[in-house]
Amino acid sequence: MFQDRYSLAFKLYPYRRSADQDAAAAMRHRVVVMGGGPIGIAMALDLGLQGIPVVVLDDHEGVGQGSRAICFAKRALEIADRYGCGKAMLEKGVVWNVGKVFHQDRKVFEFNLLPEAGHEYPAFINLQQPYFEKFLVDRVREAQAEGAPIDLRGRNRVDGVELRDDHVVLDVATPEGNYKLEADWLIGCDGARSPLRQMLGLDFEGRVFEDNFLIADIKMKAEFPTERWFWFEPPFKSGASTLLHKQPDGVWRIDFQIGWDIDREKELKTENIRARLDQMLGKDIEYEIVWTSIYTFQCRRMKRFRHGRVLFAGDAAHQVSPFGARGANSGMQDVDNLGWKLGLVINGKAPEGLLDSYDAERVHGADENILNSTRSTDFITPKSKVSHTFRNAVLDLAERYDFARPLINSGRLSVPCTYDGMPLNGPDALAGGPARTRPGSPCPDAPLGGKFLLAMLGGGFTLLTIDAQAPEAVVADGVEARRLALSAGDDATGALCERYLGEARSAVYLIRPDQHVAARWESFDAAAVEAALMKACGKE
Amino acid sequence: MSRLNTKIDTGLNTKLNTGPNIADPDGFYAELIGIHEGLDEAESQALNARLILLLANHIGDRAVLSEALTAAAANEGAH
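Here the protein sequences line up with chains A and B, keeping their order. Each residue of the first sequence is one higher than the last, beginning at 1 in my numbering. Each residue of the second sequence is one higher than the last, beginning at 1 in my numbering.
Note that these hints are calculated values from the structure, not bench results. There may be inaccurate statements among the hints.
[Stated by the list, open to error] Pulled from the structure, derived: some chain A residues nowhere near chain B, Cβ distances all over 12 Å:
| no. | residue |
| --- | --- |
| 1 | Gln3 |
| 2 | Lys11 |
| 3 | Asp81 |
| 4 | Val161 |
| 5 | Gly177 |
| 6 | Asp211 |
| 7 | Lys266 |
| 8 | Ile285 |
| 9 | Phe297 |
| 10 | Ile346 |
| 11 | Arg400 |
| 12 | Pro406 |
| 13 | Pro447 |
| 14 | Asp490 |
[Stated by the list, open to error] Partial list, derived from the structure: chain B residues whose beta carbon lies under 8 Å from chain A:
| no. | residue |
| --- | --- |
| 15 | Asp26 |
| 16 | Ala30 |
| 17 | His36 |
Backbone N, C-alpha and C fix where the C-beta goes; we use that ideal spot for every residue, glycine too.
Kindly generate the complete structure, drawing on both the sequences and the hints.
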């Protein structure tokens, strides 16, 4: 009855019989999350740490094998840090800053991400997805021990969904038979092929890219630096493009673009993969193949991420090409955005309509990610002769002229989007304030002596004051914003001033639980802050 | 790698701006490729020719145009 679709890297939530399976009638839960991948587990952590009971259902018992998403961006790590597992990821991950771009046998240029100083987390780490997931589940176990009401159920497969006005009814299969479960809210984090989306017959539209990519993860003792190397039309002819990237445990990710019309089985044969690798690395280099896979991709999203009591997050809601590392990273931002909103709604502190802002903001984010990853894909895999001609002209010119370099697109790396013009945003009333912290922006980190700003924001609304008076807390209709009082002098490096004051001499920021700016002023005005807090909770 | 013979004089006499000068480079590039969509090769070539002439007229400065023509041609036969 249960057929594994993949083998496990880590068995993290083995099947255990739940009391629900012996209940006379279907038990009602606050939230059920479908899918125990990185996004589902992060969702459960977000809600569980707020004290909201959440059940996660997954048809497997842990994390699948294969490195898959290997590039985790600063924002995803900052979110993980808020959940209490960012440090473990950073410690295991490989930090890289330099990228080199080659065309045929020539280096076209190299770039340095030059991460801005004064952030606790680097721009990117490379980390195999199973580790990312394991650190999240490890954190769930810790949180459970501290009393967080999170229930992970492996080998629990959702076979049917019925939508009711104010809840959903699930038919769940287990190795010991089926049982029914009810949930006030259902969150689909069940991946790109989302069975939930299919059961509900919902759309998932966009562009299909006709190309195959072959991943080979190998262990080798070779003198490659910890850099991202990208070849357009590599001289070793192992692919139309090739990417080389370092992972922890001495593993290298090599990604070959191998074209549309291929024989999948044949290409996945070890001797054929070795032939490609030998062509690239030369015959003298010894390596061991750790994992291989062929993937294709699409850039598409659901029209809406909220359907009444059902919400979608991560790949289930949107899919991008891998160029730019915008898949798992954007899923983490979905969770970050949805968690506090659903928490307020469930606790009766905000109207259900607040969840429509999840749809608006994350659809906006998905569109930005799809646009960027589509453009990268079009540059890397030109679809027409003229497109190919222009692409190579850019590469040729870029060797000699700076102007052509910004046109080279081997992936625009994931950065969180700014929710410009979105309905929850309050006033931008800080004259001379920096553009990067305008309402809707994700808060940039800043050093504060031995600490960092983001770590001090906590999980609720924050009233950040810099050299401004304000009460210790502001409450509007049951929702509290706690003050974090800072002074420009708290950061000797000047980063805090540069990022939050600009030309202003003082500032008051209302910051959402997901660390996006809701509104900002020069000084505290109770009525204005209360109104902005109401607006940020969808009460307008 | 014998590209020395194709090196362009980038000394003080240069007037051609070869530094980054296009706002939203990704958006521009997508639009540039986009206008070719659905065209066959000859149509694309004709479109490119019209585009070059329009841009050349906008630049106007004969010295700059000559420099750009030389820079573009210098790549021929490089590989």
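Do the hints match the structure? See the list:
| no. | hint | verdict |
| --- | --- | --- |
| 1 | Gln3 | 43 Å, holds |
| 2 | Lys11 | 43 Å, holds |
| 3 | Asp81 | 30 Å, holds |
| 4 | Val161 | 39 Å, holds |
| 5 | Gly177 | 53 Å, holds |
| 6 | Asp211 | 16 Å, holds |
| 7 | Lys266 | 32 Å, holds |
| 8 | Ile285 | 23 Å, holds |
| 9 | Phe297 | 18 Å, holds |
| 10 | Ile346 | 40 Å, holds |
| 11 | Arg400 | 6 Å, violated |
| 12 | Pro406 | 4 Å, violated |
| 13 | Pro447 | 31 Å, holds |
| 14 | Asp490 | 36 Å, holds |
| 15 | Asp26 | 5 Å, holds |
| 16 | Ala30 | 5 Å, holds |
| 17 | His36 | 5 Å, holds |
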